[in-house]
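So the protein lines, in turn, are chains P and G. Each residue of the first sequence is one higher than the one before, counting from 1 in this note's numbering. Each residue of the second sequence is one higher than the one before, counting from 1 in this note's numbering.
Hint data in this document are derived by calculation from the structure and do not stem from the laboratory. Predicted model, so just to flag it, every value in this text is computed and none were measured. Treat the hints with care, since some could be wrong.
[Unchecked claim] DSBU-like cross-link-like pairs, simulated, lysine-lysine; straight-line CA separation at most 30 Å:
1) 79/G / 78/P
2) 11/P / 79/G
3) 42/G / 15/P
4) 45/G / 62/P
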Amino acid sequence: EAGVAQSPRYKIIEKRQSVAFWCNPISGHATLYWYQQILGQGPKLLIQFQNNGVVDDSQLPKDRFSAERLKGVDSTLKIQPAKLEDSAVYLCASSQLAGISYEQYFGPGTRLTVT
Amino acid sequence: RKEVEQDPGPFNVPEGATVAFNCTYSNSASQSFFWYRQDCRKEPKLLMSVYSSGNEDGRFTAQLNRASQYISLLIRDSKLSDSATYLCVVNLYGNKLVFGAGTILRVKS
């Protein structure tokens with residue numbers, strides 16, 4: 001079974017530039033998550049989708065971050081404009097259904113460096 | 001107080017040792033608890049769920065203490081391959097899982 005795919009794997013940009021990340025979840029998984037993991041910290045949930053609807057985006061900095069999941073499959077996360085503090089690994093995860101009991105499968109992440 | 005708190009370590013142990021990690025959480029109404037493992041520069045992967053009665057999977061034992069609001073992970077007969085960061089994960093509010101910052105384990109020969 002193919003896992004969660006993410007691209008690009010690495011990205012270096014200057015502050016105030018924009019960047020976009022792409023995620024393809026495991027086939028059939030209805031729930032998709034985007035996490036931000038800063039060095040030395042655990043992953044922090046940015047946004048959760050159930051199919052193509054947003055379930056939780058309470059920790060998404062909406063002035064600069066946006067995410068969409070058209071057609072309930074692939075998702076993109078965008079940052080515009082980027083700040084130095086956005087340097088982190090952006091992890092996408094998926095699970096079969098929403099709910100705290102379901103295992104989340106993570107992709108390899110996109111490592112973003114903002115200079 | 002942090003929502004999910006772990007001792008960051010690192011725990012440096014010899015092969016064959018037994019090591020235990022604790023994790024405390026802030027919401028007494030939390031229902032689900034997990035341990036995830038994260039290798040260096042890799043994604044987190046589920047190690048085991050933690051059930052009220054405690055559960056064991058080979059060399060790994062997880063326990064939950066609701067009264068004191070902590071969970072633990074015990075690793076027996078440590079292997080070099082156990083070296084990783086262990087993330088404590090708790091559902092603090094509704095369906096949202098919150099990850100701790102992780103405990104680093106280094107097993108040395």
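Item checked: Given hint residue 78/P paired with residue 79/G - CA-CA distance at most 30 Å -> Distance ~40 Å between residue 79/G and residue 78/P Cα, so the pair is violated.
Notebook entry, point to check: Does the structure keep residue 11/P and residue 79/G at a Cα separation of 30 Å or less?
Noted result: Roughly 35 Å separates the two Cα atoms, so the pair is violated.
Notebook entry, point to check: Going straight from one Cα to the other, do residue 42/G and residue 15/P come out at no more than 30 Å?
Noted result: holds, 26 Å
Checklist line | Given pair status - residue 62/P, residue 45/G, alpha carbons within 30 Å | finding: Holds, at about 28 Å.
Checked against the numbered hints given earlier, this structure breaks hints 1 and 2; the rest are met.
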